[in-house]
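From first to last, the protein sequence lines are chains G and P.
FYI, the numbering for the first sequence is 0 to 571, going by numbering that gives the first Met the number 0.
FYI, the numbering for the second sequence is 0 to 275, going by numbering that gives the first Met the number 0.
Be a bit skeptical, because a hint or two may be false.
[Stated by the list, open to error] Listed next, the in silico DSSO-like pairs over lysine-lysine satisfying Cα-Cα at most 30 Å (straight line):
(1) K62(P) - K281(G)
(2) K515(G) - K17(P)
(3) K219(P) - K131(G)
(4) K136(G) - K219(P)
(5) K17(P) - K69(G)
(6) K55(P) - K69(G)
(7) K206(G) - K309(G)
(8) K221(P) - K515(G)
(9) K253(P) - K69(G)
(10) K253(P) - K221(P)
(11) K69(G) - K62(P)
(12) K273(P) - K69(G)
(13) K515(G) - K19(P)
(14) K223(P) - K334(G)
(15) K515(G) - K71(P)
(16) K219(P) - K273(P)
(17) K17(P) - K309(G)
[Unchecked claim] Between beta-carbon pairs, the in silico distance windows are:
(18) P299(G) - G208(P): 47 to 57 Å
(19) K307(G) - A54(P): 46 to 56 Å
(20) P12(P) - K255(G): 36 to 46 Å
(21) P12(P) - M533(G): 46 to 56 Å
(22) R46(G) - S130(P): 20 to 30 Å
(23) E517(G) - D95(P): 26 to 36 Å
(24) L239(P) - P336(G): 37 to 47 Å
(25) I162(P) - R46(G): 26 to 36 Å
(26) G516(G) - E33(P): 21 to 31 Å
(27) A201(P) - E284(G): 37 to 47 Å
(28) E513(G) - D87(P): 51 to 61 Å
(29) G519(G) - A201(P): 36 to 46 Å
(30) Q161(G) - T56(P): 43 to 53 Å
Read the hints as simulated data drawn from the structure, not as lab findings.
A virtual CB, placed ideally from N, CA and C, is assigned to each residue, including glycine.
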Amino acid sequence: MAIEESFLKSVFYGAIPEEMIFPYPEPGRDARESTQLMLESVREFARREIDPAAIDREGAISSAVMQGLKELGLFGATISTEYGGAGLDATSYARLIQEISGIDASVAVTLGAHLALGAKSIAMFGSEAQRKRYLPKLARGEWVAAFALTEPGAGSDAANIQTRAVRQANGLYHLDGHKIWITNGGFADVFTVFARTTALDARTKPKLTSFLIDREMGVRSGPNEPKLGIRGSSTTSVYFDGLEVPGDSVLGEPGKGFKVAMEVLNFGRLGLAAGCVGMARKLIELSVDRVQERRAFGRPIGEFGLVKDKVARMMAETWALESMVYLTTGLVDAKVPDWSLESAICKIFGSEMLWRLVNDALQIAAGIGYMGAYPYERMLRDSRINLIFEGTNEILRAFVALSGMQGPGRQLAEVSRAVREPIKGFGLLSDFAMQRARSAFGRERIHRAHGLLRREVVLFEEHVALFSKNVDKVLRKHGKDIAEMQYTQRRVADIASDLYALAACISRSTRAIERKGEEGARRELELTSAFANMVEKRLQANVAAFDGNDDELLKGLAGQAYLDGGYTFDVL
Amino acid sequence: MKILVPLKRTADPDNANKIKIAAGGAKIVTDGLEPKINPFDEYAVEAALRLTENAKTRVAGDKVTIVSFGPKEAATNIRTALAMGADDGLLFHADDEALDGDLVARALAKVVETQKPDLVILGKQAVDGDSNQVGQILAELLQWPSATFAMSIELAKDKKSVIVGREVDGGVVKLKLELPAVITVDLRIVAPKSVVNNVTPATHVYSDGARYAPLPMIIKAKTKPIAEAPIASLGLDATLKSKYHTFELPPARKAGKKVKDVAELVGLLKSEAKVL
Ligand SMILES: Cc1cc2nc3c(=O)[nH]c(=O)nc-3n(C[C@H](O)[C@H](O)[C@H](O)COP(=O)(O)OP(=O)(O)OC[C@H]3O[C@@H](n4cnc5c(N)ncnc54)[C@H](O)[C@@H]3O)c2cc1C
Chain G
0 MAIEESFLKS
10 VFYGAIPEEM
20 IFPYPEPGRD
30 ARESTQLMLE
40 SVREFARREI
50 DPAAIDREGA
60 ISSAVMQGLK
70 ELGLFGATIS
80 TEYGGAGLDA
90 TSYARLIQEI
100 SGIDASVAVT
110 LGAHLALGAK
120 SIAMFGSEAQ
130 RKRYLPKLAR
140 GEWVAAFALT
150 EPGAGSDAAN
160 IQTRAVRQAN
170 GLYHLDGHKI
180 WITNGGFADV
190 FTVFARTTAL
200 DARTKPKLTS
210 FLIDREMGVR
220 SGPNEPKLGI
230 RGSSTTSVYF
240 DGLEVPGDSV
250 LGEPGKGFKV
260 AMEVLNFGRL
270 GLAAGCVGMA
280 RKLIELSVDR
290 VQERRAFGRP
300 IGEFGLVKDK
310 VARMMAETWA
320 LESMVYLTTG
330 LVDAKVPDWS
340 LESAICKIFG
350 SEMLWRLVND
360 ALQIAAGIGY
370 MGAYPYERML
380 RDSRINLIFE
390 GTNEILRAFV
400 ALSGMQGPGR
410 QLAEVSRAVR
420 EPIKGFGLLS
430 DFAMQRARSA
440 FGRERIHRAH
450 GLLRREVVLF
460 EEHVALFSKN
470 VDKVLRKHGK
480 DIAEMQYTQR
490 RVADIASDLY
500 ALAACISRST
510 RAIERKGEEG
520 ARRELELTSA
530 FANMVEKRLQ
540 ANVAAFDGND
550 DELLKGLAGQ
560 AYLDGGYTFD
570 VL
Chain P
0 MKILVPLKRT
10 ADPDNANKIK
20 IAAGGAKIVT
30 DGLEPKINPF
40 DEYAVEAALR
50 LTENAKTRVA
60 GDKVTIVSFG
70 PKEAATNIRT
80 ALAMGADDGL
90 LFHADDEALD
100 GDLVARALAK
110 VVETQKPDLV
120 ILGKQAVDGD
130 SNQVGQILAE
140 LLQWPSATFA
150 MSIELAKDKK
160 SVIVGREVDG
170 GVVKLKLELP
180 AVITVDLRIV
190 APKSVVNNVT
200 PATHVYSDGA
210 RYAPLPMIIK
220 AKTKPIAEAP
230 IASLGLDATL
240 KSKYHTFELP
250 PARKAGKKVK
260 DVAELVGLLK
270 SEAKVL
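Generate coordinates for the entire structure from the input sequences, incorporating the hints supplied.
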């Protein structure tokens, strides 16, 4: 695989394949018009029917709302028109889920699990017979899909699942095991289930296989779990008590279940990040209204510098997230082969940005922010999940760093294994060092950005060059032990993330200038400039920490705390 | 049966407070307002759809055609109606300021000649100009029976006539119109049971309001035809009969005042408000 097949993986080599990110992707007139119509329908439906406070309070989406969502065709949004869906591309889907997340996060998560995980796994890996059997029902919302990977002993370490499927002499599979925290678990009709098809003993390398299991084959669900946020979404355990399932329930190739999970989750993460854009927009809207209305010391609080500072950061970070999410969906729609790092980065950046943003919005709202009568506290609770599911941000940082450093084609399976038993065959690294030679002659340039973005472009170019040098350096220094160097991995992932966000802002601002002229694009340029300032400080700090850091001191502190059994100091 | 529904692109009435007046009161400036289908026209589309379908599927042979006179961008609004379920659209390009109720009615009369609908259903008025004229003038030009401000429509089984309910002071008047006819509709036409076509099962309850276009219909609407032509192609005398002189915004509301007690209130009602 050529490194140019992924923008970010190329950046790890110090290369900047700018043709992948310029011009900033833009939906055609037709797509824009139909997406606009969809959003209007959704907004109108939501205005009349969806009460987020009631969904939160009742811990469920009412059946009337579910029915309405189905009638709107939302359960078929991404399913191909051939099977009765609307066949949305990645960009339109992201825009749709953005809108819905801004309205109600529980609804967005419910739809996301159905579309971006359940239905997507069938559309991507299903045989024609499976697609025909499931997709039309799923598109109509007659059936709801769920994605069942996590188990009590296998969350981040997904390869460690214990649910087992054994092929019988009669061709049926015997399926035994149980899953936890499955979104839509209470009512889904078909589950994409991951099970081990190899022996359970520790010596056998686990191989996973994905299956499509219908509820009517005997699936049992536990009760809905009480939880912090997205309370209207269903989260339950799901039990497979020795089910006999037909051989043609296998989804994709036997033994290739991990690949299924990882590729599907790439989509899920992008939708999740788009959802963060939607919630951020909503919170900014609430905050902007509030600060102009609420008065203190004889003035609207919006006039105070520290309030403005928060609103300005919200604007700049949301701009950056939106730019990177829709750059990535553009890559997906342009059929770029590999955007796994980009989507993981959107998920990390989006969920953490939203968490800061909701915190700031609540801080500005202060007392009312804390009260149940206003949406802030619910949105704070709802947004917390994004840092956890579809790969925790820690796991995704390791994934971004190791996958970027390992070169193309490596997926979370390897990362997850690497973290347990340090990467085997890291001999790839010498190839890596050779390919890096490409940037050894000096820094790669961006030629297609507008001249007004000179400062941001130079910042980007210099840090790409520096980044690939540092990646090279840490790899030489740590060799295969890089798999254990999580502080370093975090630096690598955070730099990659900031570089990608910066590139997205540069590309999008360039397009804005081309469309609207320098004066017309002034606000876009200001946002990019403000974001670049934030990024510059982080980049410098991360780069400096490659050489000087207190990683060992901190690890020691934690280790000692484990030994002591807690915080054993006291002033008495 | 064929129904023609005229539709106007208007600035979003929900944001009417953002409207500005151009210098000298020459015109209303709607920049920054989202353009939408005139709400009463949207109700007309909904009524037409309910008359031509069996709960969900279109009755064979029935058809709903949308027509609009306005800027090229109005194609988007026609597309919305197609996504709701209408079959095709006609867009005659015209500058909004070069139109008045009379010219639109004359243009519609021409369109009726070629389209030969059994019914023309219009919104009772456009929420921007609020003229409330087109339906009435059209009926006069066509010499067709008409009913304005319809709150209910029942189509006879033989599809030869309709009974239209109109809300008047103290009750509801029901008019029977022989088709072809012109009807203008009011808000209540989109209540769940306002439209009866004697095909849709009586048990079917429509939701309150115009329908939202479902996603698959939005996709399908991309392939439904919208024929576009300049309004001049209708060969009409373009002279306007009505002209707007000046526009002005309603006076801004003054801030309220808190009073200590009833005595002060009475005093102010006498001295300031001069109502006592
Ligand atoms: C509301 C909700 C809905 C969910 N929906 C679904 C669903 O539909 N389908 C599904 O399959 N799952 C679902 N999950 C499960 C979710 O994906 C897992 O919770 C998640 O993957 C983390 O697993 P865990 O909770 O077991 O955490 P653990 O894996 O136990 O991790 C605990 C902590 O340790 C950290 N950690 C673990 N390993 C490492 C490492 N190698 N390096 C550094 N840090 C590490 C983690 O980042 C985390 O901070 C859902 C969870 C929730 C809460």
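Cross-check of the supplied hints:
1. A hinted pair counts as satisfied when its Cα atoms are at most 30 Å apart, and K62(P) with K281(G) does not qualify at roughly 41 Å.
2. Using a Cα cut-off of 30 Å, the hinted pair K515(G) and K17(P) holds, with the two alpha carbons roughly 24 Å apart.
3. Distance restraint check for K219(P) and K131(G): the Cα-Cα separation of roughly 21 Å lies within the 30 Å cut-off, and the hinted pair is therefore satisfied.
4. As the CA atoms of K136(G) and K219(P) are separated by approximately 19 Å, the hinted pair is consistent with the 30 Å bound.
5. Of the pairs offered as hints, the one joining K17(P) and K69(G) is violated, with about 35 Å between alpha carbons and a cut-off of 30 Å exceeded.
6. The hinted pair formed by K55(P) and K69(G) meets the criterion: a straight-line CA distance of about 14 Å does not exceed 30 Å.
7. Taken as a hint, the K206(G) and K309(G) pair is broken in the structure, with Cα atoms around 48 Å apart against an allowance of 30 Å.
8. Between K221(P) and K515(G) the CA atoms are separated by roughly 28 Å; this keeps the pair inside 30 Å, and the hint holds.
9. Simply put, K253(P) and K69(G) have alpha-carbon atoms about 47 Å apart, too far for the 30 Å limit, and the pair is violated.
10. For a cut-off of 30 Å, the pair hint linking K253(P) to K221(P) is broken: about 49 Å separates their Cα positions.
11. Distance check on the hinted pair: K69(G) and K62(P) sit about 26 Å apart at the alpha-carbon level, within 30 Å; holds.
12. A distance of roughly 58 Å separates the Cα atoms of K273(P) and K69(G); the hinted pair therefore is violated under the 30 Å criterion.
13. For the given pair, K515(G) sits about 24 Å from K19(P) by alpha-carbon distance, which is consistent with the 30 Å threshold.
14. A C-alpha spacing of about 28 Å is found between K223(P) and K334(G), which places the hinted pair at or below 30 Å, so the restraint holds.
15. For the hint linking K515(G) to K71(P), the alpha-carbon distance of about 21 Å falls within 30 Å, and the restraint holds.
16. Distance check on the hinted pair: K219(P) and K273(P) sit about 62 Å apart at the alpha-carbon level, beyond 30 Å; violated.
17. Our distance criterion of 30 Å between C-alpha atoms is met by K17(P) and K309(G), whose separation comes to about 27 Å.
18. A hinted range of 47 to 57 Å is violated for the C-beta pair P299(G) and G208(P), which are about 37 Å apart.
19. At about 54 Å, the beta-carbon gap between K307(G) and A54(P) stays in the expected band of 46 to 56 Å.
20. Evaluation of the 36 to 46 Å hint for P12(P) and K255(G) yields a failure: the beta carbon distance comes to about 56 Å.
21. Between P12(P) and M533(G) the Cβ separation comes to about 40 Å, which falls outside the hinted range of 46 to 56 Å.
22. Taken as a hint, the range 20 to 30 Å holds for the pair R46(G) and S130(P), whose Cβ atoms sit roughly 28 Å apart.
23. One distance hint, 26 to 36 Å for the beta-carbon pair E517(G) and D95(P), holds here, with the actual separation near 32 Å.
24. About 60 Å separates the C-beta atoms of L239(P) and P336(G), a value inconsistent with the hinted range of 37 to 47 Å.
25. The beta-carbon spacing between I162(P) and R46(G), approximately 33 Å, falls within the hinted interval of 26 to 36 Å.
26. Judged by the Cβ atoms, the range 21 to 31 Å given for G516(G) and E33(P) holds: they are separated by roughly 24 Å.
27. For the pair A201(P) and E284(G), the beta carbons lie near 44 Å from each other, so the given range of 37 to 47 Å is met.
28. Between E513(G) and D87(P), the C-beta spacing of about 36 Å breaks the proposed range 51 to 61 Å.
29. Between G519(G) and A201(P) the C-beta distance comes to about 57 Å, which lies outside the given range of 36 to 46 Å.
30. Taking the beta carbon of each, Q161(G) and T56(P) are about 50 Å apart, inside 43 to 53 Å as hinted.
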